[in-house]
Amino acid sequence: MEIFLWGVLPYVVALVFVGGLIWRHRYDQFGWTTRSSQLYESRILKFASPVFHFALLAVFLGHVVGLMIPKAFTDWVGLDQHMYHMGAFYGGGLAGVALVLGLALLIYRRRTQTAVFRATTWNDKIMYLVLALVVGLGMVATLTGDKTPTGAEHNYRETVSVWFRSLFTFQPNVEAMGAATWQFQTHVVIALLLIAMIPFTRLVHAFSAPLHYLFRPYIVYRSRDGQARHSQTVKGRGWDPIGTKDNEKSRR
Amino acid sequence: MAKQRRVMAQVAMVMNLDKCIGCHTCSVTCKQAWTNRAGTEYVWFNNVETRPGQGYPRTYEDQERWQGGWVRTRSGRLKLRSGGRFKKLLSIFASPVQPGMDDYYEPWTYDYETLTNAPLGDDFPVARPKSLVTGQDMAIGASANWDDALGGVSATEAGDPILKKLREEANQQIKLEYEKSFMFFVPRICEHCLNPSCMASCPSGAIYKRSEDGIVLVDQDKCRGWRQCITGCPYKKIYFNHRTGKAEKCHFCYPRLEVGLPTVCSETCVGRLRYIGIILYDPDQVTKAALADDQDLYEAQLDLMLDPNDPQVVADAKVNGIPADWIAAAQRSPVYALIKHFKVALPLHPEYRTMPMVWYIPPLSPVVDLLSSQGHDAEAGGNLFGAIDALRIPLEYLAELFTAGDVEAVRLVLQKLAAMRSYMRDVTMGRERDEQLAAAVGMTGHAMEQMYRLLAIAKYDDRYVIPKAHREQAHNLEEMACSVNFDEDPSLSAPLGESSGRLVPVAIESFAAVKAKRDAEERDMAGQA
Numbered sequence: 001m002e003i004f005l006w007g008v009l010p011y012v013v014a015l016v017f018v019g020g021l022i023w024r025h026r027y028d029q030f031g032w033t034t035r036s037s038q039l040y041e042s043r044i045l046k047f048a049s050p051v052f053h054f055a056l057l058a059v060f061l062g063h064v065v066g067l068m069i070p071k072a073f074t075d076w077v078g079l080d081q082h083m084y085h086m087g088a089f090y091g092g093g094l095a096g097v098a099l100v101l102g103l104a105l106l107i108y109r110r111r112t113q114t115a116v117f118r119a120t121t122w123n124d125k126i127m128y129l130v131l132a133l134v135v136g137l138g139m140v141a142t143l144t145g146d147k148t149p150t151g152a153e154h155n156y157r158e159t160v161s162v163w164f165r166s167l168f169t170f171q172p173n174v175e176a177m178g179a180a181t182w183q184f185q186t187h188v189v190i191a192l193l194l195i196a197m198i199p200f201t202r203l204v205h206a207f208s209a210p211l212h213y214l215f216r217p218y219i220v221y222r223s224r225d226g227q228a229r230h231s232q233t234v235k236g237r238g239w240d241p242i243g244t245k246d247n248e249k250s251r252r
Numbered sequence: 001m002a003k004q005r006r007v008m009a010q011v012a013m014v015m016n017l018d019k020c021i022g023c024h025t026c027s028v029t030c031k032q033a034w035t036n037r038a039g040t041e042y043v044w045f046n047n048v049e050t051r052p053g054q055g056y057p058r059t060y061e062d063q064e065r066w067q068g069g070w071v072r073t074r075s076g077r078l079k080l081r082s083g084g085r086f087k088k089l090l091s092i093f094a095s096p097v098q099p100g101m102d103d104y105y106e107p108w109t110y111d112y113e114t115l116t117n118a119p120l121g122d123d124f125p126v127a128r129p130k131s132l133v134t135g136q137d138m139a140i141g142a143s144a145n146w147d148d149a150l151g152g153v154s155a156t157e158a159g160d161p162i163l164k165k166l167r168e169e170a171n172q173q174i175k176l177e178y179e180k181s182f183m184f185f186v187p188r189i190c191e192h193c194l195n196p197s198c199m200a201s202c203p204s205g206a207i208y209k210r211s212e213d214g215i216v217l218v219d220q221d222k223c224r225g226w227r228q229c230i231t232g233c234p235y236k237k238i239y240f241n242h243r244t245g246k247a248e249k250c251h252f253c254y255p256r257l258e259v260g261l262p263t264v265c266s267e268t269c270v271g272r273l274r275y276i277g278i279i280l281y282d283p284d285q286v287t288k289a290a291l292a293d294d295q296d297l298y299e300a301q302l303d304l305m306l307d308p309n310d311p312q313v314v315a316d317a318k319v320n321g322i323p324a325d326w327i328a329a330a331q332r333s334p335v336y337a338l339i340k341h342f343k344v345a346l347p348l349h350p351e352y353r354t355m356p357m358v359w360y361i362p363p364l365s366p367v368v369d370l371l372s373s374q375g376h377d378a379e380a381g382g383n384l385f386g387a388i389d390a391l392r393i394p395l396e397y398l399a400e401l402f403t404a405g406d407v408e409a410v411r412l413v414l415q416k417l418a419a420m421r422s423y424m425r426d427v428t429m430g431r432e433r434d435e436q437l438a439a440a441v442g443m444t445g446h447a448m449e450q451m452y453r454l455l456a457i458a459k460y461d462d463r464y465v466i467p468k469a470h471r472e473q474a475h476n477l478e479e480m481a482c483s484v485n486f487d488e489d490p491s492l493s494a495p496l497g498e499s500s501g502r503l504v505p506v507a508i509e510s511f512a513a514v515k516a517k518r519d520a521e522e523r524d525m526a527g528q529a
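As they're listed, the protein sequences go chains H and U. Position 249 of the first sequence, counted from 1, bears residue number 249 in full-length UniProt numbering, the numbering being contiguous throughout. Position 27 of the second sequence, counted from 1, bears residue number 27 in full-length UniProt numbering, the numbering being contiguous throughout.
Chain U extracted, bound-state conformation (with noise of 0.2 Å):
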């Protein structure tokens, strides 16, 4: 008898690029929420990053500088890039290849004080930047977001790593009709890798993959701050908190999530572009599909995500102590139908071989944004589908952030989204449904409507499908459950959404107020008996 599959689920997320404003509210709120303490003042687990840019940390995806994720050996093997167990140990007493503050960037308050306490005087008093690191005047040389919407982009576009290797490849005057003519933002949070290589590189076995739901986490009782996890990983999106001396990263909001509540970033993003749903996969052959050529990751990822509606799937995926309703679930997860139903989403570098699991829905934008500007119309599905073909760098571009470089699966997503375009002006403008549009990529009009509900009017519960926690394990999620009675008080409308009711987070600061209140309780118990 054949061993048998392993099934395990994973949340995941698509973000949809055409719709990203760069307003960074993901940003800020996520901040408030969670990175708002001495130490983490540079730390963003969430960060928006305009394109082309240097992204945060600046270069981060120059992996020749930095080091981060994996490789393949001669042997057919994965490697960390960064080296094997034997090296990282030896060079433990100062991390080799690590990111500095100037790379980040030094965080600062103002002087507000003295613009009360000056003394009078002849010139207006200002407010001096002070560093938050050395507590001297210092000079801003750059933030979270230096080049955001190409600002100061003679200074800074220059060294995007993806520019300079297309730069290598093409010439210059294409390059610099190419900076004109498009722009475009992208949110960036912790991957939540099928395949992680900050926790391959913990020396300390502090990274887990909770095993529920993949969230990838940093115990902070277990981390004894060695920083491999930063040069690891790829994204960069794992953090030191110089106050405590461990690593910190984006945990998904997990006692959010638990809950069945999306993400903050997910939750306050305006643009309403976050999708977040279960996928289903097998864990056993991550390392197999980690293991395929450049331009056939894609692929390779796409067919370790399991069919959630094949019976054999449901099967296995039961056997395996899945909970019912995690597997439906999965069946209506709104990213498994981006990512492996419409094939519109692609994952952030999967050459780094980590498996992402965060993806995103590559921007048609720029291309309707140059066609407009240049007097065409922009939604005529001929117009599009000649401009994606024309338009050969930004096409290239995105290839090498979503595809390891591969341009057609780039231009067929694009010419989908397009497609997707145009068929739906029919319908609304009330003319006849033109077939071939959806046929030309591959798809039905049936589907053409489906994809279009989801990108474009996915109500909250159709962008958001997440199951709860499991009861049987609801013990464990007391601290931050809300006893919130919806009955009695009508101030608190809903158990869920953007209405509901007061949460208390998982936090070290209610902890002891917690323990403080169950101990009373039980004292007064015992002492009613």
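The following block holds chain H by itself, in its conformation from the complex (with noise of 0.2 Å):
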């Protein structure tokens, strides 16, 4: 079961994250797109997104930090197990704060407005559902993953990190991640579930992210000649047939 959890499971996600994007690139590129819904309500979503999306920023800068940069390093400059537990547990808590907050208000919206509600289809529940469950779990580890339930106190960057960090070299060390709390490795297996997920739901726009826009000219010339003759998008992701009502649904 360990084997499989932590040796095989990274990697099969691996395999269905990439692949899913290489499909979804080729094949939907109509679908891809943030699906906003700023035009039903705009009033919550004004608030709530941008504090969702910017602590989810900084939330993704200290996974990075705390996985990818080795105990030994930070030990190295003097920095000492304590003042990067503290520096962790109140940056990352805050920011946590404040992504468990958009994201609680982001659904309150969702369930709350009927022409929202509306426009969610099941693909997006499940999404929610699995996210939430991640944000929530990862504020779990953080709050109360310190202490196994011997007592015995558990530094993630000890285990979580090293296993990590050792997927990459494919010489997962089963072991060390064996040895993390109940709340890291519940936490790290619904994240796998989500990072599988991506692809197929609308969290794909996070791969979209227009950063070529600060260097693009303003005005872009396409000749005629230039362009694909028709869309990759598969037959049935495309536009609605004509005359579906706007409230038909015929996205589940």
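Treat the hints with care, as some may be off.
To be verified - If you want a taste of the chain U side facing chain H, the calculated C-beta under 7 Å gives, among others: (1) Trp34; (2) Ala38; (3) Met101; (4) Pro129; (5) Leu132; (6) Val133; (7) Thr134; (8) Lys209; (9) Ser211; (10) Arg224.
I should point out that these hints are in silico values taken from the structure, not numbers from a laboratory. Note that the structure is a prediction, hence the values are computed from the model and not measured. Glycine included, each C-beta is placed from N, C-alpha and C at the ideal position.
Reassemble the complex: the two chains are provided individually, in unrelated frames, and hints are given to aid placement.
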């Protein structure tokens, strides 16, 4: 079981993730969108969405630091474990609280605003559930994951991070992850599930972050000849047929 | 040696507002052709607005609020009014300024089934309005055209951004008198600007201008639904399809244009008030022109348009790969004639600095109507000239619409139109021609008659001078080409125009069918071989 969870699953998820992104990019350019619901409701969104997204960016950066920078490095520069932990605890905790707040508001909005709720597909609902679980378990792990049930100290930088880095050398350190507390273990498993879901849900819009906007010319000329003759979007994913009413559900 | 001048072709439209009766045929036929799909119920590529009025979406001209178009920075550069690139990216998680459903209207249908399914009772069953967005009962509070023909004027007229501005300058008394005195209609489509701010706002780079004909399109595969274009467009002519999550806009009916047909709105216009033609311009001069002072923007845009009869322009156009038939079309262009030769068409809101390419001949009818209602001979030159000068407010209103407040430019156009009426009345009555009338507005009698022909009796082929997409590129048009044999099928009498044959529009629906047919044919060929 441990070998499957910490030795096999990550690679399966990576395959699904990369393969899914390639598939989506190739066959569903048309469906690749943020599917904004701001047209329906914008008061809550204007506050909740930036809070959620910026907090998410902060949390992501925190993960990069926590997972990628070895403890040996911070020890070497003279940052002791207590200082590091306090920084991660308060910084990460703050970002986490903002993230939970933003997500809660967004889910509240999605449920209570009839127009937004009607535009929510089953795909979205499952995605929200998994996302909320990942975020919630992440908070639980941050707040309570530093003690094992027996009361011993647990430092994720000596378990989860070691395992995570070992994945890239294709020598997964299963024991390291097995030594983590259950909070971290469940957080990681659900997070793996979420990562596998990204290409197939609206979360894919994260990969269209338009950084090239900073560099492109304002006015874009394109020749008619240079166009792809047809959209690569496969049948059934494009526009709804003529006559479909605005409130008719064609996507589940 | 001087740098070679670049020349590009642009499809443009002129609308003669004097002829618009506000029948909305253009809007309806456009909707039936293009926006009868899910998520586009509230989307009107073409709409007709009553002036004075708030427009659609309501008060879209209030750029202090909606932040559309460009502004000039103090250092003399163009900047999007809604902010630079960094600001746009930072505010991408919730578009800060965007019209909501309430600023358009909540689309609805009626619960017609109740009429037939209601159980027998004392009360007559009623079909209630049901929101197409929430599916619930709703009170209808607005539509695409809520203040049509000044319906409910007291409630809606007050919100007209132009009126508000004028009212701050003029006093209330004039406003009341003016309310009674004039009203006209403005049909609006996408302006297919030379300097489009929607395109500049698009984080994904999905909006582009076709280099062949200047039509501005949204690449549906590239659009990621950031909605910045909706903020960017000062005319609010980009809409968000809330079912697909993509931006959609008027595409100048490019599948029709490519085979030489006018747009649906033009084709079906009962007043025949639309003109379509080609204009040649130098793309490298656009930014400079867009930086002119507010009241010089009209002139600056005129200067952008190159004279298609100038041999140097023709030579440059050829070097730039513009086909000969396109140059010929540019020379015959009714749009060029109205805009630059006769100078009777004006751009809509040049102060947005987007260099719009749908121009308008301002209406003389409010003036004429007022004169006749006061018992004057509304067509006599002297009376009309006097009235144009006296009617300060309508002129200022038109100036706010078309010349960034430059009343003189509007006055000159209206005087030309008035002079033409008087001059042509003499011609039809068999009286002596009054060359002085023409000279008073800087024209000749001959030019008067030419302009009259173009405005009053231009036929289909004179109103729409549209060169086809070029033959070398024709393989791209396969899908929409109509394989109609005009010799054998008597029901199909003409290749073009109102009586033309079956057209298969470009559509995702037809794509699968066409592809299946083509594949089957290829299989057959292979089988025979």
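Hint check:
1. Interface hint at Trp34/U: violated, since its Cβ lies 10 Å from the closest Cβ of chain H, which is beyond the 7 Å cut-off.
2. Look at Ala38/U: its Cβ gets to within about 4 Å of chain H, closer than 7 Å, so that hint holds up.
3. Because the closest C-beta pair between Met101/U and chain H is about 6 Å apart, less than 7 Å, the hint holds.
4. Hint status for Pro129/U: violated, given a least beta-carbon distance of 13 Å to chain H, over 7 Å.
5. At its closest, the beta carbon of Leu132/U sits 4 Å from a beta carbon of chain H; the interface hint therefore holds under the 7 Å criterion.
6. Proximity of Val133/U to chain H holds as hinted, the smallest CB-CB distance being about 5 Å (cut-off 7 Å).
7. Proximity of Thr134/U to chain H holds as hinted, the smallest CB-CB distance being about 4 Å (cut-off 7 Å).
8. Hint on Lys209/U holds. Least Cβ distance to chain H is approximately 5 Å, under the 7 Å limit.
9. Because the smallest distance between the Cβ of Ser211/U and any Cβ of chain H comes to about 4 Å, under 7 Å, the interface hint for this residue holds.
10. Interface restraint check for Arg224/U: the shortest CB-CB distance to chain H comes to about 4 Å, inside 7 Å, so the restraint holds.
When each numbered hint is compared with the structure, violations occur for hints 1, 4.
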